[in-house]
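Participant: Each chain, written out:
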Amino acid sequence: MKLDNLLNQELVFWDVDAKSSLQIYQMIAERVQQMFALDEQEVVDAFLEREKLGYVIFPDGSSFPHGRLEGLDDLIIAMVKCKTPLDFCGKKADLFYCVLTSNAGSNRYLMVLASFAKLAQYHQEKIRLTQSPRELIELIRALQLDVDKSLLVSDVINSDEVLTVCVDDNLSVAVDLMKEKGIKFLPVVDKNGLYKGKLNALDIVKAAYPRSSFLMSDIGFMSTSRSFEGFHRKEATMKVSQVYSEDKQRVARLDEQMIQIGFKMVKNDWHHLTVLDDEKKPVAVISDRSFVSKVLRA
Amino acid sequence: MIAAVSIFVVAYLMIAWEKVNKTLIALLGASLMLIFHILPQDVAMHHIDFNVITLLISMMVLVSIVEQTGVFEFVAIKLAKLVGGSPIKILVMLFLITAVFSALLDNITTVLLIAPVSVLIAEELRISPLPFLLSQIFASNIGGTATLIGDPPNIMIGSAAGLTFMDFVINLAPLVVLQLLLISVLFYFLFGKKMKVSNEDKARIMAFDERMSIKDTGLLFKSLFVLGLVIMGFAIHGFVDLEAATIAMAGASVLMIVGDIDAEQLFSKVEWSSIFFFTGLFIMVGGLVEVGVISYFSQKMLAFTHGNVHVTAQVLLWFSGVASAVVDNIPFVATMIPLLQDVQSHLGSSGNNGLWWALSLGSCLGGNGSLIGASANIIVANMAAKTGNKIGFASFLKYGIPITILLLAVSHIYLMLRYF
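If you read the sequences in order, they're chains Y and C.
For the first sequence, my numbering begins at 6 and goes up steadily by one.
For the second sequence, my numbering begins at 264 and goes up steadily by one.
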């Protein structure tokens with residue numbers, strides 16, 4: 006999310022003739038009341054409450070007042086530039102980056118503050134040179150500042166070596182690996198370790214059935230099958246190449262966003278994706294389970 | 264006339280080429296016939312045989328419902344057990360039942376449901392499923408020849424010539440029964456000795472519980488009851504002056520209501536692609552009729568046969584047989600119908616339906632000639648490939664050509680003895 010998308014021109018006050026922080030809070034509160042139907046006094050109190058705990062003022066004159074409001078389910082940002090700096094116990098500030106959020110707060114609130122800190126740290130002079138609220142917002146838009154960084158595949162995968170099987174391996178190698186490691190999915194590679202496709206537990210179960218059975222809607226009339234009984238012999242001679250599914254879709258790059266990966270998995274009912282490096286060699290597997298534990302419950 | 268012939272020939276070649284969906288070709292060809300004013304739209308609509316269209320849709324609906332009950336698998340397994348798991352007897356039984364189902368329902372659904380069961384049985388018996396699959400291809404094409412509803416060419420012929428279900432049964436079914444017996448004996452001697460299985464293998468088949476195939480007993484009884492009524496209706500539709508399509512449509516509607524079937528879902532199973540294919544074909548052939556091409560060729564044919572109805576029937580039978588082995592028999596029959604109507608008007612032989620039976624026998628039985636001769640052949644071949652049993656084009660010809668020649672020769676004798 007970009008910082009400029011969170012800003013509202015009507016909440017930017019430029020070249021204000023304020024004598025105290027209270028005046029600034031009152032000015033913001035009045036506008037916030039008009040725009041969001043919030044109680045003006047409660048807004049002022051929220052800022053003052055936080056101010057009691059101390060000021061956050063950068064040496065170059067940037068200040069970061071913020072407050073939490075009961076029942077506010079939003080993030081409201083206001084920016085103020087004073088004609089003359091105000092004095093806060095010896096520290097001077099003329100630029101105020103003000104943020105209001107809910108009592109519970111959110112991760113994004115902290116990220117906004119971090120973005121403002123970055124803005125103040127690196128682009129202070131440019132900000133001071135802007136002549137109007139519109140010009141300021143255009144400047145921030147041009148700077149393309151991110152409020153929150155996207156979670157990438159590379160952020161969540163394990164660095165452990167990924168388990169794979171080769172197309173030329175006997176099926177029993179895959180069966181043993183799945184049983185031993187308690188996994189149900191294996192990327193399949195060629196002799197050079199390049200990704201060819203996938204093999205999951207169901208592919209192996211399918212190999213145990215007579216192929217003709219899958220042309221029928223049901224095989225309820227059979228209580229046993231020669232193919233099923235003879236699977237032990239079959240897996241020792243059958244190659245992975247006879248069972249695996251060639252695939253080019255169920256893969257992810259290291260620099261892909263996890264939000265995209267999750268969408269693909271849900272949309273296509275995929276339970277596993279193989280992460281490939283630039284050479285198309287598997288480096289990890291993302292499963293639906295790992296998505297829950299490493300992304301949703303991170 | 265040149266425009267009409269050009270559109271038709273190009274469309275026909277593209278249908279035979281099979282690189283573009285044949286339905287789209289037929290619809291485009293029909294559109295071009297209209298765009299170039301070869302025939303006006305109202306006349307084109309008259310050329311669409313809605314009797315054929317309605318009968319096809321209604322039968323597709325009926326078969327889709329029957330299919331859901333599992334009765335096809337039930338009968339196949341029951342028969343396999345009835346003959347004690349003997350492979351050659353199973354082959355003959357499945358051959359015969361495929362023919363019966365193909366005659367009364369439709370041959371594509373029949374092979375789609377019977378063929379997998381027979382492959383499974385063959386695998387359990389540790390024998391090659393290919394003789395089973397080959398025999399079922401022939402059974403579906405031969406069985407379908409026996410009735411008005413058995414094969415799309417018969418539906419078209421019946422509607423165009425005003426032939427009833429019973430006309431087909433009386434005139435073609437005896438021949439078909441004879442041919443089925445002949446081919447089953449042939450298969451018995453061809454494959455009987457090669458199919459050796461152990462007692463344990465047979466016991467595996469005997470352990471199948473066919474009752475478990477029935478998925479909905481209530482629907483099964485309702486389906487069989489309505490289907491019985493529909494077949495009875497077919498038997499008398501000529502007497503009560505109703506088209507077979509009307510009987511089938513009434514049966515399909517009644518079964519959907521009493522079976523509490525989700526109509527929307529069921530209609531989605533209708534092979535609309537085939538229906539539109541027929542529609543496009545009827546218009547294209549209508550274009551040829553309107554510009555006089557069909558009449559021209561019928562006169563050429565008469566000149567070739569010297570107006571002799573015997574010779575015309577023989578030529579028609581063998582020509583249809585060969586053509587249907589090479590190209591799709593549906594467009595072929597659609598083209599031949601108006602031609603034959605014209606020939607009959609010149610021969611003054613409208614009282615003798617021998618020519619229609621020659622066309623029916625040639626076009627239906629000719630489908631056995633090659634792997635691409637009929638839809639059922641292609642479906643079985645694809646299914647065989649999925650189970651790791653390839654039926655090659657050339658290897659099919661080894662059986663297809665002699666069997667087709669045999670069937671056409673028997674038909675030839677039958678036609679000559681009975682009609683000329």
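Hint data in this document are derived by calculation from the structure and do not stem from the laboratory.
Glycine included, every Cβ here is placed at the ideal spot set by N, Cα and C.
Mixed in with the good hints there might be a few duds.
[As the list claims (entries may be wrong)] Selected chain C positions facing chain Y (Cβ under 10 Å, derived; list incomplete):
id : residue
1  : 378
2  : 566
3  : 655
[Stated by the list, open to error] Heads up, simulated DSS-like pairs for lysine-lysine below, C-alpha to C-alpha not over 27 Å straight-line:
id : chain 1 : residue 1 : chain 2 : residue 2
4  : Y       : 253       : C       : 465
5  : Y       : 244       : C       : 653
6  : C       : 465       : Y       : 211
7  : C       : 478       : Y       : 7
8  : Y       : 189       : C       : 649
9  : Y       : 239       : C       : 478
10 : C       : 649       : Y       : 244
11 : Y       : 269       : C       : 653
12 : C       : 457       : Y       : 211
Participant: Hints broken by the structure, by number, lowest first?
Facilitator: When the structure is compared with the hints, numbers 2, 3, 4, 7, 9, 11 and 12 turn out to be violated.
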